[in-house]
Structure formats: structure tokens, C-alpha cells
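What follows is the residue order along each chain.
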Amino acid sequence: MGDSQYSFSLTTFSPSGKLVQIEHALTAVGSGQTSLGIKASNGVVIATEKKLPSILVDEASVQKIQCLTPNIGVVYSGMGPDFRVLVRKSRKQAVQYHQLYKEPIPVTQLVRETAAVMQEFTQSGGVRPFGVSLLVAGFDDSGPQLFQVDPSGSYFSWKASAMGKNVSNAKTFLEKRYTDEIELEDAVHTAILTLKEGFEGQISGKNIEIGIIGEDKIFRQAPYLLPN
Amino acid sequence: MSKLAMDVPAKGGFSFDLCKRNAMLAKDGVQLPPFRKTGTTIVGLIYQDGVVLGADTRATEGPIVADKNCEKIHYLAPNIYCCGAGTAADTEAVTDMVSAQLQLHRYHTGRESRVVTALTYLKRHLFSYQGHVSAALVLGGVDFTGPHLHTIYPHGSTDTLPYATMGSGSLAAMAIFESKYKEGLTRDEGVQLVTEAICAGIFNDLGSGSNVDICVITKGSKEYLRNHLQPNPRTYVTPKEYTFSKKTEVLSTLVTTLKERVEVVEAGDKMEE
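Residue numbers (UniProt numbering), protein chains in the order written: chain A, 1 to 228; chain B, 1 to 273.
Hints may be right or wrong, so weigh each one.
As the list claims (entries may be wrong) - Restricting the straight-line Cα-Cα distance to at most 30 Å, the calculated cross-link-like pairs of lysine-lysine (DSS-like) are:
id: 1; chain 1: B; residue 1: Lys180; chain 2: A; residue 2: Lys102
id: 2; chain 1: A; residue 1: Lys206; chain 2: A; residue 2: Lys102
id: 3; chain 1: B; residue 1: Lys123; chain 2: A; residue 2: Lys89
id: 4; chain 1: A; residue 1: Lys92; chain 2: B; residue 2: Lys222
id: 5; chain 1: B; residue 1: Lys123; chain 2: A; residue 2: Lys102
id: 6; chain 1: A; residue 1: Lys51; chain 2: A; residue 2: Lys206
id: 7; chain 1: A; residue 1: Lys159; chain 2: A; residue 2: Lys217
id: 8; chain 1: B; residue 1: Lys219; chain 2: A; residue 2: Lys217
id: 9; chain 1: A; residue 1: Lys51; chain 2: B; residue 2: Lys222
id: 10; chain 1: A; residue 1: Lys196; chain 2: A; residue 2: Lys165
id: 11; chain 1: B; residue 1: Lys222; chain 2: A; residue 2: Lys217
id: 12; chain 1: B; residue 1: Lys222; chain 2: B; residue 2: Lys68
id: 13; chain 1: A; residue 1: Lys159; chain 2: B; residue 2: Lys180
id: 14; chain 1: B; residue 1: Lys180; chain 2: B; residue 2: Lys219
Just so you know, these hints were derived from the structure itself, not from any lab.
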């Protein structure tokens, strides 16, 4: 295959016009645990499976949904360590924005800056793209917003979206049940039902995580496992 | 991987490039513009449930009062506040920067910030600038380990005390504390004592004046009492407006209306591409 000769170096286009490393990164995302998000008329909900590799793992030490600012939260599909690095960078960018403009960072700005970081890693030497896609959920002056950011650095605003293993089934399910007037309570139910669709084994409060932001603009996680 | 400083400037630290030029200008008699200093009386004390911080509200530029009601109690974290004396720009910039660093730290650890963390960020920063960042701070807060009160000097040294004062009015305020402080004060006694100490600074020190700001921090809550006491209101304001005599008299008036030189046609041809 002509492509395989160009798949080692990130900064080289393949003859078919693709950056094969980014395709591989998307594959890594596609084999990650399912996560999804739904934008309601009065808030946003994001959710993910939390399947731990063994029952011996201390589930309190794993928090897949993180908050970037008090009113913006994020979930991922793909490689956990890459997610941690992005969360750290995004939090710092949000704080720096606030330092400069004395305004909480708008969701679109934070998404743009995070996407810019991810793009940097597709055009630099000696690095590889991030193996995660992010779902950023936030509520600011423009209302509730849900964005997906891919390893290539491209971002999209969604009304509802899913990523990871069960993406096609989950998206079909969401398409059927989504309406523009859906309220936050219903959206949370729909999110859990969508997760249940592709869930292997018994779904329970201990193997999923939910993040919700309502009109009070405060991002809350369930379960919140970090100490006070 | 995480550094204490935010983004270290390319050259690192203070740039001393202009010092030679300044020395030469000083020799020619040109003086540096006066820094806007806060003159200031700032105090803090520990009472039975937490910490009370107090500050006056006058900012001076040499002999001139630049701001009659400025805010000297700065936010660092929900449970930590810091009073600042010295150059106003320095105290504001340094407390702002440390507040951002503390917020990032809170996200990463998932815990409430500790007063000693703020203390260490501040003293490391001030020491690295060798006293050129002229900020003298009274740092107080309540965290998991209890109430804490510290003073930080511009060169980076710190003290941990049950009651503290800083600024040009510190001696007046300390006189009040030394005579009336005792352990186990109640909230009202603490606020009363802090108010008295700041008032001593306001009335006896030229660099301090105007109103008293108070901040009470306890476990899990804080009260920011802006202008808790206003002992210097404007007592005399002229009831009628100031009238200024007319210096220029109108002799005659001639009005010329603007004449249209271009005819505006609605719905004309679209511009050719």
C-alpha cells in the first residue's frame, strides 16, 4: 500500500492527501470507551462508561469527567494519559485568559485554544497527535454549548454526539430521541439510556460517570470522588 | 513538569537595561515619577473561629491622595485573603498572579488551597526579585489545618503571628494591638479591635486615611465588609452649584445650512463585478 510508506512520519502527507498518523489517532479514539453528550434547552449533560480493567482497581482514584472552569466540563474517549495532559493545558489557558481579560473564558474560546494545542502536535517534529477526542460541555452567556474536538484539532458544535466504541449505534439512538426542546432532566435520562444500549454487563452508578451543567452555570459531576 | 512561575519571560527576571540611563538622567536632575504607594495601615489578627483582616483605603502619590477609597484587601482563594502595602501596582499584580496559580493548583489537587501554599508562592516570587517588587503583605486565611496569619516583607522574609500590622501606619496600629489583644476573642471583639487599630493608623499617619475595610474568614465562610466604617465623610458640600462668570460674550449669530453637493439616488445600478 502506498500509504503505509508515509504512515511513520506525522509531518508528511500521504499521496492520498491524508496524514495517516491522525487517522491512526482516530482509530485509537474509536476503540476507547463510549462517551456522549447532549445539549438541552436549559443545560448540557455529558456521560461516559467507566469500565475499570479489574475489580481490584480503586474506582475512587479514576475520574474521567473533569471540570476545566467552574462552568465548563469535559469528557473523552481514547487514551487517558493524553486526556490528563490536555486538561492541564486547557485549565492553564482558561486561567491565563481570565488574568488578561478579567472575564471567565467563553466556551468557544477555550475550545478553540484547546484545538489549537492539539493541532500543534500534528505539525511539530518529534511528537505524536493526542489519542483522544474531547466532548466539552459548557454554559456561558451564549447559553448551553457542546463541542467535540478531534485529534487533528478540528472542532464541531453538536446538539448531541457520541464517541468511542459504540458510536454508530449511540448516534442513531440519539438521533431518534433528540428534540430541540429537550429539557435537561430528559437529556440526562436519554444519556443514561444511550449508554445502556451498548453496555456490556450490568450498568450501575459505579461504572458510569455523568457531568451536568444547568442554568446556574456550575458544572457538577456524579459521582464526585475527589476529596474536599 | 509543573513550574511555580506561570510563563517565565524570555530574558528571565527583572530587566536592568535602563539603569544606566536612569542614573545619567538623575545626575542631570531629572527625577523618577513618584510611585503610587499605598502609604497604608494593614492589620490582621487571629480570633477564636478564624482570622480578621483590616485595611485603610487611601492611596497616595507622594503628597497627593490618588485614591480616596481603594481596595487593599485582595482575594487569593475562597478561604484566603491578603492585604497589601507598598507600591499598589506591585501588590495587585503579585496577588493576582498568585490567585491564578492557586486556582490551577486547586484544580489539579481537587482540594481547598492552604495558606502556607499561598505564602510560599508569594515569598519565592518576592525573593527572586530581590526586593524590587515592593509589596509588603499581610496574608490570612483558614484552611484544613486551622486559621493562619502571616506577614511577608518585600525581600521575601515571612513571619507567622497571632496579630500583625504592616505599612506606614503599622506602629500606630500595633500600639492598639499590643495593649488590647488577647487570645480567644469573639468575632465582634476581633472586628472591633481591628477597626480601632486601623482608625489609629487613619488618624495618626498621613499615608493612611479614609475608610476601614474588614474581611472576616472562618472555616467554610468569609465576609468581606467593604467600607465597614467611614469615619471621614465629606462634611461640607456646597448646596448650590458653582457658577462661573461668562468670559466670552456672544455678539452676533449667523447660521449657514449645509448645502447638498451630491444627489443620492435610491436603488441605483448594482456595481459591476
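Hint-by-hint comparison with the structure:
A distance of roughly 41 Å separates the Cα atoms of Lys180 of chain B and Lys102 of chain A; the hinted pair therefore is violated under the 30 Å criterion. Annotation: proposed proximity of Lys206 of chain A to Lys102 of chain A is violated, straight-line Cα distance about 39 Å (limit 30 Å). Among the hinted pairs, Lys123 of chain B with Lys89 of chain A is consistent with the structure: their alpha-carbon atoms are about 26 Å apart, no more than 30 Å. With a C-alpha separation of about 26 Å, the suggested pair Lys92 of chain A and Lys222 of chain B falls inside the 30 Å cut-off, and the hint holds.
Between Lys123 of chain B and Lys102 of chain A the alpha-carbon distance is near 25 Å, which keeps this suggested pair within the 30 Å criterion. Note on Lys51 of chain A and Lys206 of chain A: the hinted pairing holds, with a Cα-Cα distance of about 9 Å set against a maximum of 30 Å. Distance restraint check for Lys159 of chain A and Lys217 of chain A: the Cα-Cα separation of roughly 18 Å lies within the 30 Å cut-off, and the hinted pair is therefore satisfied. A distance of roughly 25 Å separates the Cα atoms of Lys219 of chain B and Lys217 of chain A; the hinted pair therefore holds under the 30 Å criterion.
Between the alpha carbons of Lys51 of chain A and Lys222 of chain B the distance comes to roughly 41 Å, so the proposed pair goes past 30 Å and is violated. Our distance criterion of 30 Å between C-alpha atoms is met by Lys196 of chain A and Lys165 of chain A, whose separation comes to about 13 Å. With a CA separation close to 22 Å, the supplied pair Lys222 of chain B and Lys217 of chain A stays within the 30 Å bound. Of the supplied pair hints, the one linking Lys222 of chain B and Lys68 of chain B holds, its CA atoms being roughly 25 Å apart against a limit of 30 Å.
The straight-line distance between the Cα atoms of Lys159 of chain A and Lys180 of chain B is roughly 64 Å, outside the 30 Å bound, and the hint therefore fails. Simply put, Lys180 of chain B and Lys219 of chain B have alpha-carbon atoms about 25 Å apart, close enough for the 30 Å limit, and the pair holds.
Hint check: violations occur at hints 1, 2, 9 and 13; the rest are consistent with the structure.
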